[in-house]
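Peer 1: Listed below, chain by chain, are the residues.
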Amino acid sequence: MNRIDKLFQNKKESILSIYFTAGFPQLEDTLPIMEAIEAAGADIIEIGVPYSDPIADGPTIQESNNVALKNGMTLHLLFEQLKNLREKISIPVILMGYLNPVVQYGMEAFCKKCKEVGVDGLILPDLPMQQYLTEYKSLFDAYDLRNTFLISPQTSETRIRQIDQNTDGFIYMVSSASITGAKKAVSPEQIAYFERVKAMELSNPRLIGFGISDKASFNTAAAHSHGAIIGSAFIHVLRDSKDLKKDIYHYIQSIIA
Amino acid sequence: MDTSMIKVDENGFYGQFGGAFIPEMLYPNIEELRENYEQIMASEAFKEEFERLLKDYVGRPTPLFYANRLSEKYGAKIYLKREDLCHTGAHKINNTVGQIILARKLNKKRIIAETGAGQHGVATATVCALMGMECTVYMGAVDMERQKPNVERMRILGAKVVPANSGSKTLKDATNEAMRQWINNPVDTHYIIGSVVGPHPYPEMVARFQSVISAEMKIQLKEKEGRENPDLVIACVGGGSNAAGAFYHYYNEPEVRLIAVEAAGLGVSSGKSAATTMLGKPGILHGSRTLLMQTADGQVVEPHSISAGLDYPGIGPVHAHLFDSGRGEFVAVEDEDAMKAGIEVSRLEGIIPAIESAHAFHALNQIEYKSTDVIVINLSGRGDKDLETYIKWGNY
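Sequence order for the protein chains is W and E. Read in the numbering used here, the first sequence has 14 at position 14, and its numbers run on one by one without any break. Read in the numbering used here, the second sequence has 188 at position 188, and its numbers run on one by one without any break.
It is worth saying that the hints were derived from the structure and are not from the lab. There could be a bad hint or two in this list.
To be verified - Derived pair list, reagent style SDA-like, types lysine to any residue, alpha-carbon separation capped at 20 Å:
| hint | chain 1 | residue 1 | chain 2 | residue 2 |
| --- | --- | --- | --- | --- |
| 1 | E | Lys-281 | W | Lys-183 |
| 2 | W | Lys-183 | E | Lys-47 |
| 3 | E | Lys-47 | E | Gln-181 |
| 4 | W | Lys-112 | E | Ser-168 |
| 5 | E | Lys-281 | E | Val-256 |
| 6 | W | Lys-70 | E | Gly-167 |
| 7 | W | Lys-70 | E | Ser-168 |
| 8 | E | Lys-109 | W | Lys-11 |
| 9 | W | Lys-11 | W | Thr-220 |
| 10 | E | Lys-105 | E | Gly-167 |
| 11 | W | Lys-70 | E | Ala-296 |
| 12 | W | Lys-183 | E | Asn-185 |
Predicted model, so just to flag it, every value in this text is computed and none were measured.
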């Protein structure tokens, strides 16, 4: 059974997904960071595939992308690093990245490699639903990869229903009209949006991301969904860390303990 | 030739190029535009206002000028379509006038734009001042340095100019930044893209606003030559908006050769170039699938051209399709040759062209044509903004 399906079957609330950029801060940190995330008690790992032009990302993730690319990270190298992934990691692993590097790698080769190393799902923010359905869905299905679409506060109800129908795994709720990056607090308008979508009783579970950074914002998001995704705030931890293993443990524990 | 060949389909594709590859956060913005633009553009109220502003504010129609001394030198009948005489000094304002009227019909309150050479930024700041709308322009930090007068022009016009400090700090990065700001302000803001790039419907919409260039060329050539069609149309291509406008009404006239001139920079194989069709392969940037300069790993390569307006690693999807289908002929002109052509046009015709447009002129040395051929060169902008680059180059 796909690990994402299994997770959502067994755990219905306060799911924590952690995003980091592959190859940041150092090229060889990918697997050690994943081990530390799992050891600290997070539920899902999202590995960001670095791209030169990340249009949905704020300064923090732009910078981690730049550093990773300068370090020499490529999709080929990433798959090489993930070769023995499943000897060390048991929680679900998702690759998140912009479409162009994936298309250049070749979508079928990419999906095949994902399956081979034990990746469970994909988030490709600039893959339009129509292209997904007509060109790629059969491939994703063939290699048992869950595809996650995003929704935002501006997404219409009709569109959310359509996305729900064509998503498997979970729906990624972007918390506000915003690019990625840590924010101060969750506003009443955001909570109204979380509740509006919750009331739609979608068939997929919902994780809230963008602007979630600490225990307070995690708890608020989790109270209105199945859990939340932390990216930029975690990148800050990695950037400032002298001891990755220890700092990752403390940070994740500060959210979920 | 299939006469409907260069035409966008309902999903925004020209052949295999185009589409709308955007994050979901931009979907409502793009959808609102896609659902409304054709209807608004077809309305009498829109057409009346657009045509009136093009005439009384922009100064259209721009002349089609017979360039006597250039014609003598190159041995053909060479006409210049004088977009450099548009208000603000380039063709860019044709599009910004159209989009600002559209933005108002969509009840938008704020305008954002990206700019490379600063011509589109100035044209956007200009129409925002005209309409009393708030305007923010994103510009690569490197471009702000090499196009200082345009930065100040935008500020004088009341626009805020925000430097883009990521990547190569040029047009590509300014476009990234404008897209991010549109994600952050999805409801009250309209993004005026300055070229035939970006997600559908932008490439088609911008091309239609610029198509006035070739519509006028047809009328003017009929008067001067007794026929609507020239033998060649030559235009420079960065993203490709002036070329799209100059080619638009000739796409389906197979006897008209369409010459698209890219910036070769220091040479196509020098590693410092912006000749996208020669160096690129299909990829996705700024919301569309197009030809793109990129590494084997799919990272976008930072381009180089002496001209900020051509310094872009992609090309409008319609041009990618022109290239792919063979309907267009593509030529790459190096920095040095473009500068020489700029001086030559200055000396022979008394017109200092923008360095972007100077690339188009040098193509006369790189293509074959007959002495009886009627050639129209789209003189897309004037060189005032480039004086510093001309002075620095110094070879005149």
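Peer 1: Next step is simple, just say for each hint if it's right about the structure.
Peer 2: Tested hints:
1. Note on Lys-281(E) and Lys-183(W): the hinted pairing is violated, with a Cα-Cα distance of about 38 Å set against a maximum of 20 Å.
2. This hinted pair does not check out: Lys-183(W) and Lys-47(E) have alpha carbons roughly 44 Å apart, beyond 20 Å.
3. Distance hint between Lys-47(E) and Gln-181(E) is unfulfilled; the C-alpha atoms sit about 30 Å from each other, more than 20 Å.
4. Between Lys-112(W) and Ser-168(E), the direct Cα distance comes to roughly 34 Å. Violation of the 20 Å bound is thereby established for this hinted pair.
5. Of the pairs offered as hints, the one joining Lys-281(E) and Val-256(E) is violated, with about 27 Å between alpha carbons and a cut-off of 20 Å exceeded.
6. For the proposed pair Lys-70(W) and Gly-167(E), the alpha carbon gap of about 12 Å is at most 20 Å, so the pair holds.
7. Distance check on the hinted pair: Lys-70(W) and Ser-168(E) sit about 14 Å apart at the alpha-carbon level, within 20 Å; holds.
8. Of the supplied pair hints, the one linking Lys-109(E) and Lys-11(W) is violated, its CA atoms being roughly 45 Å apart against a limit of 20 Å.
9. Distance check on the hinted pair: Lys-11(W) and Thr-220(W) sit about 18 Å apart at the alpha-carbon level, within 20 Å; holds.
10. A C-alpha spacing of about 35 Å is found between Lys-105(E) and Gly-167(E), which places the hinted pair above 20 Å, so the restraint is violated.
11. With a C-alpha separation of about 15 Å, the suggested pair Lys-70(W) and Ala-296(E) falls inside the 20 Å cut-off, and the hint holds.
12. Using a Cα cut-off of 20 Å, the hinted pair Lys-183(W) and Asn-185(E) holds, with the two alpha carbons roughly 16 Å apart.
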